Amino acid sequence: MSDVPAIAAAGASVVLDGTTLLAPTTFEVMPGEFWCLTGSNGSGKTTLLRAFLGSRRLTDGAVLVRGESIDLARPRHRRLVASLVEPVPVARDMTLREQVTLVAASWYGNTRATAERAEEVIGQLGLDELDERFPSQLSSGQLQLFNLALTLVRPADVILLDEPERHLDSDRVDLVATLLTERAEEGTAFLVATHEAAMVDACDGVMELG
1 MSDVPAIAAA GASVVLDGTT LLAPTTFEVM PGEFWCLTGS NGSGKTTLLR AFLGSRRLTD
61 GAVLVRGESI DLARPRHRRL VASLVEPVPV ARDMTLREQV TLVAASWYGN TRATAERAEE
121 VIGQLGLDEL DERFPSQLSS GQLQLFNLAL TLVRPADVIL LDEPERHLDS DRVDLVATLL
181 TERAEEGTAF LVATHEAAMV DACDGVMELG
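Under our numbering, the first residue of the sequence shown is numbered 1, with each subsequent residue one higher.
There may be inaccurate statements among the hints.
As the list claims (entries may be wrong) - Simulated DEER-style distance windows between Cβ atoms:
1. D3 to A62: 36 to 42 Å
2. E86 to L16: 17 to 23 Å
3. L16 to L72: 17 to 23 Å
4. A23 to D128: 41 to 47 Å
5. D204 to G18: 34 to 40 Å
6. D204 to A23: 46 to 52 Å
7. L102 to R76: 21 to 27 Å
8. T26 to E98: 38 to 44 Å
The hints are simulated quantities; they were obtained by calculation from the structure and are not laboratory data. Just so it is clear, the structure is predicted and the values come from calculations on it, not from any experiment. Every residue, glycine too, gets a C-beta built ideally from N, C-alpha and C.
Based on the sequences and whatever the hints tell you, model everything.
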């Protein structure tokens with residue numbers, strides 16, 4: 001496995017109009033590691049995730065993915081990083097299965113293996129019995145699992161998640177934590193902003209902000 005960190009922050013900070021949104025932060029996440037960002041509301045968890053996406057400019061310091069500065073305008077970086085930080089666009093007139101398969105096909109091509117990959121992710125998240133429903137027919141917890149399926153079905157060396165436990169009951173939180181652990185064991189690096197103890201218990205390291 002590579003000795004280059006999958007994710008690294010070196011003195012990364014954000015100050016806006018005199019208010020500190022992210023205090024200077026330094027840490028590294030290696031390939032295959034699952035790390036959690038913890039801290040109170042307003043401590044900078046989402047700000048840091050957005051910095052890794054390139055949608056929040058740093059005031060000082062740097063954030064790197066696989067040793068490179070963030071530039072999601074580059075196809076290579078778009079393939080490196082997947083995220084559920086901002087709301088995922090969904091189609092109102094396509095079923096869950098159709099949309100997860102479409103996202104998979106956009107990255108892997110329209111093949112039988114792609115359809116099987118979509119089926120696998122749907123099953124891992126316990127959405128099998130809902131896969132012919134439309135987004136408007138889902139509860140808030142089911143919609144969160146659907147958003148996770150759209151994120152996890154695509155290839156990525158790094159996956160950034162902002163409170164993936166949102167709207168989920170404890171059983172579903174445990175299911176998601178287990179799935180992230182298994183995906184990390186396959187080599188993907190995770191950085192997850194969370195308030196959920198089950199996520200922290202499952203992860204390899206914690207960066208507490210604030």
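Hints not upheld, ascending by number: 1 and 6
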